[in-house]
Amino acid sequence: MSKVIGMISIKGGVGKTTISASLASALSIIHDKKVLLVDANYSAPNLGLHMDIVEPESTIHDVLAGRVRLSDTIHSRFGVDVVPGSYFYNGKFNMLKLKDRLKTVKRDYDFIIIDSSPNVNDEILSTVLASDGLFIVSTPDYPTLSCSLRAAKIAKQRGKKVYGIILNKIKNPRYEINLQDIEVVMDLPVVARIPEDSTGLKALFHRKPISVYNKRSRFAKEIRKLSSVLSDKKERKSVWDVLFPSDLRREEVNRQLLRKALHGEKA
1 MSKVIGMISI KGGVGKTTIS ASLASALSII HDKKVLLVDA NYSAPNLGLH MDIVEPESTI
61 HDVLAGRVRL SDTIHSRFGV DVVPGSYFYN GKFNMLKLKD RLKTVKRDYD FIIIDSSPNV
121 NDEILSTVLA SDGLFIVSTP DYPTLSCSLR AAKIAKQRGK KVYGIILNKI KNPRYEINLQ
181 DIEVVMDLPV VARIPEDSTG LKALFHRKPI SVYNKRSRFA KEIRKLSSVL SDKKERKSVW
241 DVLFPSDLRR EEVNRQLLRK ALHGEKA
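Heads up: the sequence shown at position 76 corresponds to 76 in our numbering, and the numbers run straight through without jumps.
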């Protein structure tokens, strides 16, 4: 059954679009899932730049304006079907129609991933209402986490399940909020911890998801682990981890719990 996953934050620059593009590509390429990736950052869309779609003829804006069908806006890139946004759209459109428009193609996909807007208005609400569940993307600093709290509140007020927090751009843990404190404040599990990775700048220059551009990067490895949970596949472990197993890190335990929540005790 298809699952619609929204990637939300209420602060720009946390890497939400980068994560959305890489997660969609990992689900498709590694786990052979049929994935639709949608740009719902209507006022500042840039998902197309991450997926090598520079001049789309029709976009999600056209769909929500009632001008074209959603199926007419799909571009195939890196194993993923992508619905980009328009960089210069001036017409009227109803962003709250996203859920209805996705229903027309939902049965064709294993996953639909929505890259949302950071704006606290109908833009983020569009993603929240259209999603079956949500991930909150955050960085481990006080200003961003205060915004992340607001994102979680919006989701919970609408009765939406929040799967967990994806903690991105970790630079120096000595001067950042630790995982345990974040979980206490947010009342949500951290399901991925991604260190700052210069690969992202290079991947964007080449207009490729990081999980495609550099599969061995630390970013790609963490995204791959999360994609394994969503697709209910075993994580690929290195020879070192197999020969010298260590205690599970907190986010790894949280991913195991998420797997059971999504797929049942058989996981």
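FYI, nobody ran anything at the bench for these hints, they're computed from the structure. Hints should not be assumed to be uniformly reliable.
[Unchecked claim] Below, a list of computed lysine-lysine pairs in the DSSO-like style, where the Cα atoms sit at most 30 Å apart:
| no. | residue 1 | residue 2 |
| --- | --- | --- |
| 1 | K161 | K202 |
| 2 | K208 | K234 |
| 3 | K221 | K202 |
| 4 | K234 | K260 |
So, going through the hints one by one against the coordinates:
1. K161 - K202: 34 Å, violated
2. K208 - K234: Roughly 25 Å separates the two Cα atoms, so the pair holds.
3. K221 - K202: 17 Å, holds
4. K234 - K260: 13 Å, holds
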